[in-house]
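Each chain, letter by letter, is given below.
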Amino acid sequence: MKTVMRFINSMLMVAAVVMLAACAKNAAGPESDQASARGYAAQGGRGATAYAAGTRGAIKGRVTPQQLQQVASNTNSIYFCFDNNSVNPAALQPLPKDCGLIRSQVSSEENALNLVNVYAHYLLKHPRARVRLEGNTDIRGSREYNVALGERRSLSVAQLLEAEGVNPQQIMVVSYGKEKPSDLADHEIAHSKNRRVDLKLQEG
Amino acid sequence: MYKKILFFCCVLFVAQISVAQPLLDIKLTSAVKNSIPLALLPLLPEVDAVVRQDLANSGQFTLPNLSQSARQDDDAFWREQGVHYLLIGERQAPAGSLRVDLVNLYANSAQQRIIFSQVFDTKGVDPRRLGHHISDLIYEALVGKPGVFSTQIAYVVVNRTANTEDTEYSLEVADIDGFNAQPLLKSSEPIMSPAWSPQGDRLAYVSFEKQQAQIYVHALASGRRRLVTSFPGINGAPAWSPDGKQLAVVLSKSGYPKIYIADIASGRVQQLTQGYAIDTEPTWSPDGKKILFTSSRGGGPQIYQVDLHTKQVSRVTFSGNYNARANFTPDGRAIVMLHRDRQGNFAIAKQDLATGRVQRLTQAHLDESPSVAPNGSMVLFARNQGQRMQLGMVSIDGRIQLQLPARQGDVQEPAWSPYL
Numbered sequence: 001m002k003t004v005m006r007f008i009n010s011m012l013m014v015a016a017v018v019m020l021a022a023c024a025k026n027a028a029g030p031e032s033d034q035a036s037a038r039g040y041a042a043q044g045g046r047g048a049t050a051y052a053a054g055t056r057g058a059i060k061g062r063v064t065p066q067q068l069q070q071v072a073s074n075t076n077s078i079y080f081c082f083d084n085n086s087v088n089p090a091a092l093q094p095l096p097k098d099c100g101l102i103r104s105q106v107s108s109e110e111n112a113l114n115l116v117n118v119y120a121h122y123l124l125k126h127p128r129a130r131v132r133l134e135g136n137t138d139i140r141g142s143r144e145y146n147v148a149l150g151e152r153r154s155l156s157v158a159q160l161l162e163a164e165g166v167n168p169q170q171i172m173v174v175s176y177g178k179e180k181p182s183d184l185a186d187h188e189i190a191h192s193k194n195r196r197v198d199l200k201l202q203e204g
Numbered sequence: 205m206y207k208k209i210l211f212f213c214c215v216l217f218v219a220q221i222s223v224a225q226p227l228l229d230i231k232l233t234s235a236v237k238n239s240i241p242l243a244l245l246p247l248l249p250e251v252d253a254v255v256r257q258d259l260a261n262s263g264q265f266t267l268p269n270l271s272q273s274a275r276q277d278d279d280a281f282w283r284e285q286g287v288h289y290l291l292i293g294e295r296q297a298p299a300g301s302l303r304v305d306l307v308n309l310y311a312n313s314a315q316q317r318i319i320f321s322q323v324f325d326t327k328g329v330d331p332r333r334l335g336h337h338i339s340d341l342i343y344e345a346l347v348g349k350p351g352v353f354s355t356q357i358a359y360v361v362v363n364r365t366a367n368t369e370d371t372e373y374s375l376e377v378a379d380i381d382g383f384n385a386q387p388l389l390k391s392s393e394p395i396m397s398p399a400w401s402p403q404g405d406r407l408a409y410v411s412f413e414k415q416q417a418q419i420y421v422h423a424l425a426s427g428r429r430r431l432v433t434s435f436p437g438i439n440g441a442p443a444w445s446p447d448g449k450q451l452a453v454v455l456s457k458s459g460y461p462k463i464y465i466a467d468i469a470s471g472r473v474q475q476l477t478q479g480y481a482i483d484t485e486p487t488w489s490p491d492g493k494k495i496l497f498t499s500s501r502g503g504g505p506q507i508y509q510v511d512l513h514t515k516q517v518s519r520v521t522f523s524g525n526y527n528a529r530a531n532f533t534p535d536g537r538a539i540v541m542l543h544r545d546r547q548g549n550f551a552i553a554k555q556d557l558a559t560g561r562v563q564r565l566t567q568a569h570l571d572e573s574p575s576v577a578p579n580g581s582m583v584l585f586a587r588n589q590g591q592r593m594q595l596g597m598v599s600i601d602g603r604i605q606l607q608l609p610a611r612q613g614d615v616q617e618p619a620w621s622p623y624l
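Keeping their order, the protein sequence lines are chains A and B. Here my numbering is used: the first residue of the first sequence is 1, the next is one more, and so on. Here my numbering is used: the first residue of the second sequence is 205, the next is one more, and so on.
It is possible that part of the hints are untrue.
To be verified - Stretches of chain A that chain B covers, calculated by requiring three or more beta carbons in the stretch to come under 8 Å of a beta carbon on chain B:
(1) 131 to 141
(2) 162 to 176
(3) 180 to 189
Unchecked claim - Now the in silico label distances, taken between C-beta atoms and shown as ranges:
(4) B:Thr365 - A:Asn167: 33 to 41 Å
(5) B:Gln589 - A:Thr64: 44 to 52 Å
(6) A:Thr64 - B:Gly524: 46 to 54 Å
(7) A:Ala129 - B:Gly560: 51 to 59 Å
(8) A:Ser73 - B:Arg561: 55 to 63 Å
(9) A:Asp186 - B:Gly560: 28 to 36 Å
(10) B:Thr365 - A:Ser73: 18 to 26 Å
(11) B:Gly560 - A:Ile189: 37 to 45 Å
(12) B:Gly590 - A:His126: 41 to 49 Å
(13) B:Phe522 - A:Ile189: 27 to 35 Å
(14) A:Gly165 - B:Ser470: 36 to 44 Å
Keep in mind the hints are simulated off the structure, nothing from the lab. Bear in mind that the values here come from a model prediction, so they are computed numbers and not experimental data. Built from N, CA and C at the ideal position, the CB exists for glycine as well.
Kindly generate the complete structure, drawing on both the sequences and the hints.
Right under this line is the structure:
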């Protein structure tokens, strides 16, 4: 019975995030703020109205010691689709441009929500540990504007952690915009690797 | 484990460090057709070379190679060579004096023949500095506006390694021709958005050296730095007020990136723009009454202006769905910005403020970070080409193009100094 509830809860969560996420399909170009401005406004500022839709605690699942070890000792990245800040359908692998196609393709193991869940567990267990959320964008467009776009990605991950009950004091949000690309090439595969938030744990 | 990032702030300000091989070269790729034919008769070899390079690279002069036998008083010979103006240098007593005459070979009278005649004391004077000064005089006399050959540029050099943790960022200041490059700050974390104070004595910039964005003001002569803002979130895009006392900055401490005015002396900040959209990249109008900024409030990024007195905001750009990082031209009549075309190319473009007409100045795929010369003649920008950032220049009418290829690394975030 408990498992069923858990399942229903996670389905509700997914539905809520999908509804919040607006995915733009622009012509070739850099990441713009077109769709994400609305998504962000609907979610409210950091720690504001983001988890009012019954999502608190919804993504708790089984977290293994191996998973906790994995987040404690590595930098993990969450990849976003083009022109988007939403953690769903963000994944643990670079995502191609078209978010509409992606949403159904991201497997449950690859889903970024699972990773966020592991971090939440870790941070709740280790109240003195902190996580740095470093937002990044692809290499196109204006530098300072990209810093603003990257921050929105970091904040969307921060909101999910806070929704899991993580103390906001344990979360540091930084945006490098396009200053730290992981691939310098000018093609879609490279761009997809750069659309990411790096999660870095720091012991307290 | 928290990984302590090593950084060091290295301030070198020994006057006149001469670098034989500058990091940046300068290469003219497109010049105007009706350039001014001017012959240079030997001044002093080192000065000569500088003047020759300055004028040639301006794209507005043609400099014929002259034969040794040519005589300065043989007007007929020079006219035959297609030369219109002569620059004549002559050593004079006392020792070290150099007289420089600019001569119009088509003058109607003897008085009009000499455009200027000036005597310089060359003793202990850096020949590059003297050369740039003479180039400025010639440019002003023949083109009609002050030259910018004695100005400087600030830029960020990024040396990347296979391991991204080892990437090095360095903020440098160099002469406009790439010589005399001096590092102001070296860091293992990004440095962004250098901006010259109106007096040319300080640079404001963003540094991530403490693993978060902070805005500093760095005095060039002393190397002393002042931390201006260090709020949680974005501290970005500093822009100087015309009086040099305030910075317009971007802070996201409220949850959204907004424009604030920061008082440099006190560090006090006051919020200028409101709402939930991204507001960034502020720049002051030359009269100090307005601030331009990039905002996503209409969807994609566009340029808006806010009147500092009434706080009224109005939209400035309407052409295309991506316009960002605007600068005013010094006369305040136009803005220069980053503009995306329908094919997804990022170009440097100019918009006339009276007519709204947008003119594209560059034709590459990924240009960015335009910075206008203090005389309004040229725009400096960065270009992503073959996975490297390089600097380029384009004239404000788009006709003259220059490249500043770097010997190593990425060179980005250029900022053109005021007159120094």
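Here is how each hint holds up against the structure:
Restraint check on the stretch 131 to 141 of chain A versus chain B: 4 residues with Cβ-Cβ distances below 8 Å, three needed, restraint holds. Coverage of the stretch 162 to 176 of chain A by chain B holds. Counting CB-CB distances below 8 Å, 5 residues qualify, and the rule asks for three or more. Given as covered by chain B, the stretch 180 to 189 of chain A passes the check, having 5 residues with a CB less than 8 Å from a CB of that chain where 3 are the minimum. Here the CB-CB span from Thr365 of chain B to Asn167 of chain A is close to 36 Å, well matched to the stated 33 to 41 Å.
Range check, Gln589 of chain B to Thr64 of chain A: about 47 Å between beta-carbon atoms, so the 44 to 52 Å window is met. Evaluation of the 46 to 54 Å hint for Thr64 of chain A and Gly524 of chain B yields a pass: the beta carbon distance comes to about 50 Å. Remark: the range hint 51 to 59 Å for Ala129 of chain A to Gly560 of chain B is upheld by a beta-carbon distance near 54 Å. The supplied range of 55 to 63 Å is met by Ser73 of chain A and Arg561 of chain B, whose beta-carbon atoms lie about 57 Å from each other.
For Asp186 of chain A paired with Gly560 of chain B, a C-beta distance near 31 Å keeps the hint of 28 to 36 Å intact. Under the hint 18 to 26 Å, the C-beta atoms of Thr365 of chain B and Ser73 of chain A, about 23 Å apart, fit the expected range. As the Cβ distance of Gly560 of chain B to Ile189 of chain A is approximately 39 Å, the hint placing it in 37 to 45 Å holds. At roughly 45 Å, the beta-carbon separation of Gly590 of chain B and His126 of chain A lies within the given 41 to 49 Å, and the hint holds.
The hinted window of 27 to 35 Å between Phe522 of chain B and Ile189 of chain A holds, with their beta carbons roughly 34 Å apart. At roughly 39 Å, the beta-carbon separation of Gly165 of chain A and Ser470 of chain B lies within the given 36 to 44 Å, and the hint holds.
Every hint from the earlier list agrees with this structure, and none is contradicted.
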